[in-house]
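So the chains spell out like this:
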Amino acid sequence: MRARYGAGPLHLFAGLGSLLICGAAVLQWLASPDALRILIWFVAAAVAHDLVLLPLYSALDRLSGARGVGSWRVYLRVPLLLSGLLLLVFGPEILRLGNATYRTASGGTQNVYLIRFLLASGALFALSGAAYALRSTRS
Amino acid sequence: MFGPPPPGPFRPGFWRSPLRGPWLTSLLGAVLLIAVPLIAVTGYLSNAAYNPRLGENALGRNLGLLDFYLFPWPTHPAWLYAFTQGLHVTLGLAAFPILLAKLWSVIPKLFEWPPLRSPAHALERLSLLFLVGGGLFEFITGILDIQYAYLFGFFFTDAHYYGAWVFSGALAFHVLLKFGTMRSSLRTRGIVAPLREKLTDTRPEPGEGDDFAAPSMTRRALVGTVGAGSLLLLAQGAGDSIGGPLRRLALFGPRERFGGGPNGFAVNRTASSAGIAGHDVGGAWRLTVRGAGRSVSLSRAQLEALPSSTHELPIACVEGWSTTQRWRGVPLRDLARLVEMRGQLTVDVSSIEQNGVFAKASLGSQQISDARTLLALSVNGEYLSLDHGYPARVIGPALPGVHCTKWVSELRFREAQRR
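Which chain is which? The protein sequence lines are U and P, in order. For the first sequence, the residue numbers in the numbering used here are 1 to 139. For the second sequence, the residue numbers in the numbering used here are 1 to 419.
Chain U on its own, in the form it takes in the complex (with noise of 0.2 Å):
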């Protein structure tokens, strides 16, 4: 068994377990009138991460590895982060892509979420800046 197939009996069994729960998921997947999208968004999301985050990562590691080591570098790298994950999570509702349906929602706009992203990310900054400072002066 380990010899064919490269593990024990129980991976076998766990895996295909796995496997079933995940394709009956699916089968409901393709139940649905929107089956063509899901998929796609599926795919798109599996393939994502290694197409779109793949050379992302990589140009981040080049970019904070091969140039050699910098205090500063790290209390700028930490807000762009922050402010990148912010942008990320919260891209949505910062360009305004959901307003007309957040409108009927609510009542109100997403006009707001762009400044207060703006004035978050200064804040992020600046903190740093100011830890830096206090670190530079100390040391």
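If you are wondering where the hints come from, they were derived from the structure by calculation, not from laboratory data. Worth double-checking, as some hints may not be accurate.
[Said to hold, decoys possible] Footprint (simulated), chain U over chain P, 3 or more residues, beta carbon under 8 Å:
no., region
1, 61-71
2, 77-84
3, 111-121
4, 167-176
5, 225-233
6, 247-256
7, 266-278
[Claimed, not checked] In silico SDA-like cross-links for lysine to any residue, where the CA-CA straight-line distance does not exceed 25 Å:
no., chain 1, residue 1, chain 2, residue 2
8, P, K198, U, F13
9, P, K178, P, A122
10, P, K360, P, E340
11, P, K109, U, R2
12, P, K360, P, V402
13, P, K360, P, G343
14, P, K109, U, A7
15, P, K198, U, Y132
16, P, K109, P, A48
17, P, K109, U, L12
18, P, K360, U, T101
19, P, K109, P, L195
20, P, K109, U, F13
21, P, K109, U, L54
22, P, K198, U, L54
For glycine and all other residues, C-beta sits at the position ideal for the given N, C-alpha and C.
We have chain U already, so just place chain P on it with the hints.
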């Protein structure tokens, strides 16, 4: 069979960061192992709270084997749904940066060479497609949904529910495979010790080789940044679901106070967007109560004349926000008695609204038996505003927000089916 690795990400030297390694992956994995099951369970509970087997609550979905419910959704405590759903959205937001960091930490493994070593390895890699695809699908659709950005163009509920099963199914296998590695790598190196290292002492993890760039940040800085991102997003969800002074933290939370006065709290679906006009709800408005072949029609003045009670109850939205107000109205079970119906009942509630997805909702016998489930006429001592459902709306303990039907026109009571 596969020969030497092709150039690019398939070669170990491609990946430069010395911080990647089993310890980092294990630490992030351990946090996710606490958060993700909570997110999954609260998500499945939310589906149960919608009571999809009743009336048209499933919204056209064909219920299959994966739609099973172990118990009827309770009505105690009244804040139960606000809590479970607030937890679902808040933890989902907070876990997202940790998930991204974990994917970053394992990405060289996705390009391992040879790509297939054995049937067992092939099974693991196929399962990884469901794990990464299903996981990102769940987080992305959830995050878009709370911002009303329906870019995906499919019906959210069904896709997100079955996507959860894809993710859960693959995750169970993944945890089984990796739990031992996680435990031993956290035991060997400890949780705190690698976080104490200075930049000058930061080295690749033992056994990972040395073909890496020099470190430009410590493990503490990396884990700290991920933690700060997680806390930043946690605050967005927590502010919106806990409310009060914390709501100020939710700069990006999806709901704001709407209007002022006693009716000045968040609205879901305004009267104008639901197509409700003044004449629909004027003096000619009647509530029809049906059941067991009988039918009673009541004007708003007749409803006001019935004995009413007052309860503090939240409107709790699937998007994670909630708002608790003081509602006065007639208990639904008292209205059922007008058509001589008692005992275990369900009710189909219809709105004047014609086009909304939730213009109809059915409530189970738990809700009807609870005296706090009201046809509300007033909130905070004032008549409901048109946006909050004047002339009358449903409000009930632990009931999902969209099932608190507004602008009610008809209540049809039925004997509860035994299952």
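Going through the hints against the structure:
With 5 residues bearing a CB less than 8 Å from a CB of chain U, the region 61-71 of chain P meets the requirement of three and the coverage assertion stands. For the region 77-84 of chain P, the stated coverage by chain U is violated: 0 residues have a C-beta nearer than 8 Å to a C-beta of that chain, whereas at least 3 were required. Look at the region 111-121 of chain P against chain U: 5 of its residues bring a Cβ nearer than 8 Å to a Cβ of that chain, three or more, so the hint holds. Using a Cβ-Cβ cut-off of 8 Å, 6 residues of the region 167-176 of chain P lie near chain U, which meets the minimum of three, so the contact claim holds.
A count of 5 residues in the region 225-233 of chain P with a Cβ less than 8 Å from any Cβ of chain U is obtained; the coverage claim is therefore met, three being the minimum. Counting residues of the region 247-256 of chain P whose beta-carbon sits less than 8 Å from any beta-carbon of chain U gives 5, enough to reach three: the coverage restraint holds. With 6 residues having a beta carbon nearer than 8 Å to a beta carbon of chain U, the region 266-278 of chain P meets the requirement of three or more and the stated coverage holds. Of the pairs offered as hints, the one joining K198 (chain P) and F13 (chain U) is violated, with about 45 Å between alpha carbons and a cut-off of 25 Å exceeded.
In summary, the hint linking K178 (chain P) to A122 (chain P) is supported, as the alpha carbons are separated by about 16 Å, within the 25 Å threshold. Distance hint between K360 (chain P) and E340 (chain P) is fulfilled; the C-alpha atoms sit about 23 Å from each other, no more than 25 Å. A threshold of 25 Å between alpha carbons decides the hint, and for K109 (chain P) with R2 (chain U) the separation of about 22 Å falls inside it, so the pair holds. The straight-line distance between the Cα atoms of K360 (chain P) and V402 (chain P) is roughly 10 Å, inside the 25 Å bound, and the hint therefore holds.
With a CA separation close to 23 Å, the supplied pair K360 (chain P) and G343 (chain P) stays within the 25 Å bound. As the CA atoms of K109 (chain P) and A7 (chain U) are separated by approximately 19 Å, the hinted pair is consistent with the 25 Å bound. Distance restraint check for K198 (chain P) and Y132 (chain U): the Cα-Cα separation of roughly 17 Å lies within the 25 Å cut-off, and the hinted pair is therefore satisfied. Between K109 (chain P) and A48 (chain P), the direct Cα distance comes to roughly 37 Å. Violation of the 25 Å bound is thereby established for this hinted pair.
Distance check on the hinted pair: K109 (chain P) and L12 (chain U) sit about 21 Å apart at the alpha-carbon level, within 25 Å; holds. With a C-alpha separation of about 20 Å, the suggested pairing of K360 (chain P) with T101 (chain U) holds against the 25 Å cut-off. Using a Cα cut-off of 25 Å, the hinted pair K109 (chain P) and L195 (chain P) holds, with the two alpha carbons roughly 24 Å apart. Taking the CA atoms of K109 (chain P) and F13 (chain U), the gap is near 24 Å; set against the 25 Å cutoff, the hint holds.
Restraint check for K109 (chain P) and L54 (chain U): the C-alpha separation of about 12 Å stays at or below 25 Å, so the hint holds. Distance check on the hinted pair: K198 (chain P) and L54 (chain U) sit about 28 Å apart at the alpha-carbon level, beyond 25 Å; violated.
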